[in-house]
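**Q** One-letter residues, chain by chain:
There are 2 protein chains.
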Amino acid sequence: MAPSFEPLLARMQELKDLAGAIGLLTWDQETYLPSKGGEARADQLSTLQALHHERLVDAALGSLLEDARGDASLTGDARAMVRVLTWERERAVRVPESLVRELAQAQSRGLHAWHQARAERRFAAFLPALSRLLELRRAEADAIGHPGGERYDALLDAYEPGMKTARLREVLEALESRLVPIARVLCEQPAPRDWLTGDFPVAAQWRLCEQVLREMGFDLSAGRLDTSVHPFTGGTHPRDVRLTTRVDPRNLRQALFGAMHEGGHGLYEQGFDEAHYRTPLAAAPSMGLHESQSRLWENMVGRSHAFWRRYFPQVQAEFSAALGNADAGSVYRTVNQVTRSNIRVDADEVTYNLHIVLRFQLEVLLMRDALPLEELPREWNERTERLIGVRPADDVEGVLQDIHWAYGELGYFPTYALGNLYAASLFAAARRELPGLDEAIEHGELSLIREWLRRRVHAEGYRYPAEELVTRITGRGLTDADFIDYLRTKYGEMYGLRWDSAS
Amino acid sequence: MAPSFEPLLARMQELKDLAGAIGLLTWDQETYLPSKGGEARADQLSTLQALHHERLVDAALGSLLEDARGDASLTGDARAMVRVLTWERERAVRVPESLVRELAQAQSRGLHAWHQARAERRFAAFLPALSRLLELRRAEADAIGHPGGERYDALLDAYEPGMKTARLREVLEALESRLVPIARVLCEQPAPRDWLTGDFPVAAQWRLCEQVLREMGFDLSAGRLDTSVHPFTGGTHPRDVRLTTRVDPRNLRQALFGAMHEGGHGLYEQGFDEAHYRTPLAAAPSMGLHESQSRLWENMVGRSHAFWRRYFPQVQAEFSAALGNADAGSVYRTVNQVTRSNIRVDADEVTYNLHIVLRFQLEVLLMRDALPLEELPREWNERTERLIGVRPADDVEGVLQDIHWAYGELGYFPTYALGNLYAASLFAAARRELPGLDEAIEHGELSLIREWLRRRVHAEGYRYPAEELVTRITGRGLTDADFIDYLRTKYGEMYGLRWDSAS
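Heads up: the protein sequence lines correspond to chains A and B, in order.
Per the working numbering, residue 1 is the first one in the first sequence, and the count goes up by one each step.
Per the working numbering, residue 1001 is the first one in the second sequence, and the count goes up by one each step.
Because the hints were derived from the structure by calculation, they are not lab data.
Among the hints, erroneous ones may be present.
[As the list claims (entries may be wrong)] These stretches of chain B come out as covered by chain A in the derived footprint (C-beta under 8 Å, 3 or more residues): (1) 1014 to 1021; (2) 1037 to 1044; (3) 1212 to 1222.
[Stated by the list, open to error] Chain B residues, not near chain A, derived (Cβ > 12 Å throughout): (4) Arg1138; (5) Arg1239; (6) Thr1471.
These numbers were taken from a predicted model, which means no experiment stands behind them.
C-beta atoms are modelled at their ideal positions from N, C-alpha and C, and glycine is treated no differently.
Kindly produce the complete structure, drawing on both the sequences and the hints.
**A** See below:
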């Protein structure tokens, strides 16, 4: 690094260290925090977040960034750091601190009201808090600005920089039109036996999860696996990456696919270039791309026939009570059953994206203030029925099922669908470049795909915007073609189906 | 609180929240941090500590404190908060930031060199790092100032505000003169059988520790117990207090007395007044007073005959392999054996303080730069022989045994001895005010002493300086009279001894 870059680098390191501390406080809140410590932790987090915001909007940082933008001697990586931090800072500068604080308070209240409403099983108890959160989010979006677009653009941009509502609508409408007929065909197939519900001792599940994580290449001496109610990936640094999962003694799904999902996120975090540590480049360029890694490992690897051919004998031996009469092919069908369900997190690879379409449509309406909140539950239920073909029995199965809106997080859901599309495109590119990939997975050599992802995706960090990086790797940008191909091939083989080009 | 106090209160809360975050990062470093995360954690801690220092020395905080000192409308608690924070800030302001950073670096290097030197079992490998640390500590002490006294005063003041080297020397010399003859008599007694070494299954030790902590009144829903190599008490807030202990499957001592020791610290932290949370009053007024609580629970309760009469039957049932042939009286003798040993942390209640005298004498010389470092190991060994009557076989048993100097912590050791004296005075006062105290302990009613300590000591927080608080409770200040009485009574009864007034 040039000496002139050092003061800016020190600022970047300070911001990353603060973010790391926030990461540990958040992780601890979900794992080891004593039950009476919640209020104190909320105070500590709010203080650190305010400090982070204050340092980010500091005028001196603005000057350093401005000088750096005019410095022709900077390396490409340094320029990328300046670009990313400038983008982050400009968003932060536009939001008045009073609004930041009001949002933090409304988020605490929102979470509380959401839990309350779930306990009462009625949306009405959550409505006032949600109304306030939406009001503040609209104000925030207007403060950030959305030139030539609409408010939802400003929120999307936080998670998927550069993405616009109009383009996302096109992508999701096209995806919906292709998925609906596929889902219709697959839901008509005979239901496989549910092999993964039964007697699955907790200690053996834990051993299996750690083994699979190790074989995926997740470094447990630079990270951890713990349990939490809502699985997530957190931590403080690429050498301190913390995954959580939850273990249900009656069901293997949650722990195993949860660990693989978070393990995919974790590999991304551990895979950043050492030269980028404590800089803005040690980050994924978008949440969609981050999600592509978790979905790739969870679905394209973990729900593949090759994976189950490899792991089934061992899993059967560990869980002989539940799986004594099963075989690899049956379990493979179990973990890939396509079914109409109300709950997003339980959804299969096909219908999952329809749950996202629903949330996207509603979020856009809410940001426009074009949907009276009283009508939200009915609107949710009717759209669920239209899109997926089932109807929630009550608000807990419907509009109250996800935690995101409880703290005012709008604009995040679409990144799950983008993650599915990016995952399929990356996996297709890997298959082209790594001819023996399926055989390698079947032999437990997960390092082949991992090292490819590390080199092509993880080590790049935030050097390029998400779509540009994907284009560099796959030869084309965001598309659903690879995803639809993947589904048709996988389910076509599974059920002996031939898809006509219209479906 | 008066509205005029609010901006100052907000500053206090911010400082406490930052300290809480530092507390969590430190706790995690010793408990759950992945092995490769050490360097990143050192960076994060150094960033947060620099931020804490920056906020503390901020001129705006200085002005708020100055205004508050002139505000006659403040409550007594508010005035105490202003006094404590002013004291803390004035120390910080005098130390240049460059020195703060140099010290942080030298501490990292010192710890590394100390571990290295212990591995090589020779002090010479630690000498250069220690030399640098001492140089910086001398500079720090001179920056803080020590009017009319000596450098060591400035370090002592950080842990035991108001304590001076000259007075401490008097206290420790008098204590030494009284302890040496007592130790001589007790070391001549026949050695009891060592009941606490043997087969002590880890899970049962853990259950016992948690039970004793609960019965002591430590709230495990406002705190935790985990394992670490060096037991300590940490956490982020009075409702998030974290104890650690270590469990040796061949020895019950470490886990049980470690848990009771840290539990004493933990009760203090949990016992602060809710009205003082996130202010400078939610703190002990000195490390000596903090240590009085751990020593009181570990020794005056945990090594009492009453305690063992209560817990022995249960402990025997849990650990029947080791204790099948023991009885309460024998175990009581085992845990109270007085013996000449090289290692401070293994020392009994009598000789422990002689280890502190040794360290105090050497620390004063080191701060005066009056002892060439090459001579430190020999000096250590000769003084050990003179004071305690044994000679370390090598530097690991001698000058390298404690971690404190490895990160340049000088001035802390004396608080352990002060803690023993304060503990005895407080326990004597409790006995006077609570006539059935021993019987209560024997019936497992630990709440009697706990509630007394909570009311008289913990809930006061940092309202008064340590010695003033002790005087308010016991009627007199720092004295070794109660401690010597306690030892003479305890060991006199144990061995049927009569002490003549000269010994």
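**Q** Now tell me, hint by hint, if it's right for this structure.
**A** These are the hints, each one checked on the structure:
1. 1014 to 1021: holds (count 5)
2. 1037 to 1044: holds (count 6)
3. 1212 to 1222: holds (count 4)
4. Arg1138: Check passes; 29 Å lies beyond 12 Å.
5. Arg1239: About 5 Å separates Arg1239/B from the closest Cβ of chain A, which leaves it inside 12 Å; violated.
6. Thr1471: About 32 Å separates Thr1471/B from the closest Cβ of chain A, which puts it past 12 Å; holds.
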